[in-house]
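Participant: The residues making up each chain are set out below.
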Amino acid sequence: MAIKLLTFGQITEIIGQSESTVNAMDSDALKAQLIMQFPGLKDLQFAIAVNKYVINENTGLKDGDTVALLPPFSGG
Amino acid sequence: MSKEGKYNRYQRQVILNEFGTVSQDKLFSVKVLVIGAGGLGCPALQYLAAAGVGQIGIVDFDIISLTNLQRQVLYATEEVGRGKAETAAKKIRALNPEIKVEVFNTRIQNSNALELISPYDIVLDGSDNFATRYLLNDACVLLNKPLIYGAVFQFEGQVGVFNLEDKLTQIKANYRDLFPLPPLEKLSCNEIGVIGVLPGIIGVMQAAETIKIVTGVGMPSTNKIISYNVLNNRFYEVEIVPNENMGSVMPKSKAEFLKFDYECFCSAPPINEQITPEDFYELLKNEKITVIDVREMDELPLISWVENINLPMSEFESGIKSISRTSKIVLICQSGKRSLAALQILKSKNPGREVFSLIGGLDAWEKKRENSV
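First to last, the protein sequences are chains A and B.
Heads up: the first sequence at position 39 corresponds to 39 in my numbering, and the numbers run straight through without jumps.
Heads up: the second sequence at position 283 corresponds to 283 in my numbering, and the numbers run straight through without jumps.
Derived from the structure by calculation, the hints contain no laboratory data.
Check the hints yourself; a few may be wrong.
[What the hints assert, rightly or not] Per label pair, the in silico range of CB-to-CB distance: (1) Thr276(B) / Thr21(A): 22 to 28 angstroms; (2) Gln17(A) / Lys368(B): 34 to 40 angstroms; (3) Ile35(A) / Gly81(B): 41 to 47 angstroms.
Ideal Cβ placement from N, Cα and C applies to all residues, glycine included.
Bound-form chain B, shown alone:
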């Protein structure tokens, strides 16, 4: 193709003074990996392909279902039952045969994430669950790749750019700086309603952030989260700073990453890992157990009625190694919430350990003691 010819398709953006052939050439040479070809991924893929992103990777293991079509606009009714990754690839190749498209019909997980992401320059998160979101974040931090975050809930969406250094402030924040721990919920996104246009808007915003980062045109939302509400058209932007005091448990090496159990980290601990004050009392009488108080050092009342280790949440990760490897562990805090979070951390690092969280925490324990006196 002639030198001019290769810009023909992109003429409307190339003629922008701020953009030009310089920006177009940057897009030609960039590789973007899109995780999830769903509500966010479909519109993002369309616009990235149309804009002339040189190489696009699509990772999705799912098949198209009828209830996807309300928002996953790359797919046709007759394609229900087909694989999302290859169908999306077919559509964007038809839209723009000049770009390279790679299909990964697979679920992204510890074992393949680093390999999938490494050849790419930027990752766009269009996933639909917390386990994948934490996994992508951690992988991008380890590999030093910018992560374009997008997520939706009912009528509201969030967009942000993580793991990209702000040139002015030198700050580089990530998803765990904003949300060190996932919520203890079991609802999958497929069960939460979403208005169809919303992922369309958020996915296109993610594509826009990607294009701004690649070309250097404009101001990407680096270290920021933008919330958008489709019902009242309200945007709200907040700035994120690195968060060192939350005791988050991000894997610090590739080896740690490969071992981290994201499913466990992001799912509410089963009820059999939670212990009632009554059962805890019985356990204390009958067995040698390790009791760990995860409250901060200065929190009262001190626990004097049982031998215990104080391992505050802020130091929990580093302190885990010192915990006895043999006995059962009961984690305690004031209300039972932080001990659940600690249980998640412990289980994600040491699957198979017998660990319990005291339901209702010290509050419930004190109440039981008052009642029994």
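Okay, chain A solo, but in the shape it has when bound:
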């Protein structure tokens, strides 16, 4: 199962690339897996969007889905 992962801002800095392919059953599993791999993510807040909709609870993922991780920016 291939999920396209898009990241923004500080999250890209931590992961090292803004676009990658990952495998996960659902958004919680994906988050846990990423935090395990990149512990720096643990201290960040970010919104998760699945196929361009921000999710507020664990969401199942299927082959071909796109998940975006959006941290808030404060700069102005």
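Place chain B on chain A using the hints.
Facilitator: Chain B alone, transformed into the frame defined by chain A:
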């Protein structure tokens, strides 16, 4: 001025079929409050003034510094040291003397936010810190004003429209639906680099959203966040829906708003409000304390080694009232992250309470127990 005369300046937009004098009249009669006359505020102010927005309010307490000039394009080198709000006002009055400009040389905060925003129709967020962003969001929700959000980080920016009902879906989302809690970081934006053109682009997009909302021409990014990356010219748009299950702590009344400590809510708790497993062990032995587990009800392992209250993050706000008012509080979760967020909430609602978050959470506590056996 003659009827035709008043449209002369705006002729190039009035001749657009979709726009016309009807839209121009709407702009003439609208009041827009711009918070921050910095990287986002400068370009937004320029285009709103040029477009003929009837009244513009500028809120900024800061003075112009040399390092601002790389992106804050309203200001000249010789104006370094002068106040931003009045200097910006002078520039946009010169650009368009037909509009009314109000200057507020002040920091927006709980005590003045509602008063500042109330007379205006739309708020444009050009601030540079999370505390002001949450404050503006909450004030706009309470006063039912659309908020045009913009923010930048290095080479990336975000634009969105909050607190405006989508006429088709009747959905009205706000900043806290997207980011219920601020990040626990201490970096101020002034310390994060930004490429000068970026706030220019984002600020102008905010002005464009404002104009679309006022005139009804086109589709504003209501309930959406658009991300833009200047390095690869990529836009990415996501939709936001109201988020009821995150235990956010938005003030629900003006009284609650006035009491909410935004600085505290948006800053990482000082290290003396975080407790190590060793110190927690000592505290447990020596004092009567209230232990609160902020994990959700179904999370394992259950804590059986100390009397505790389970107050999950999703219900934390409503449950706070039931907490004992006297003893010290230690907040616990699995890894120590949610308990920190809970600490922020508790402290922002009850400044002065003695509250601690267990560093490393139950994971660290279990490790300590294994090591000591």
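Participant: Enumerate the violated hints, using their earlier numbering and listing them in ascending order.
Facilitator: When the structure is compared with the hints, only number 1 turns out to be violated.
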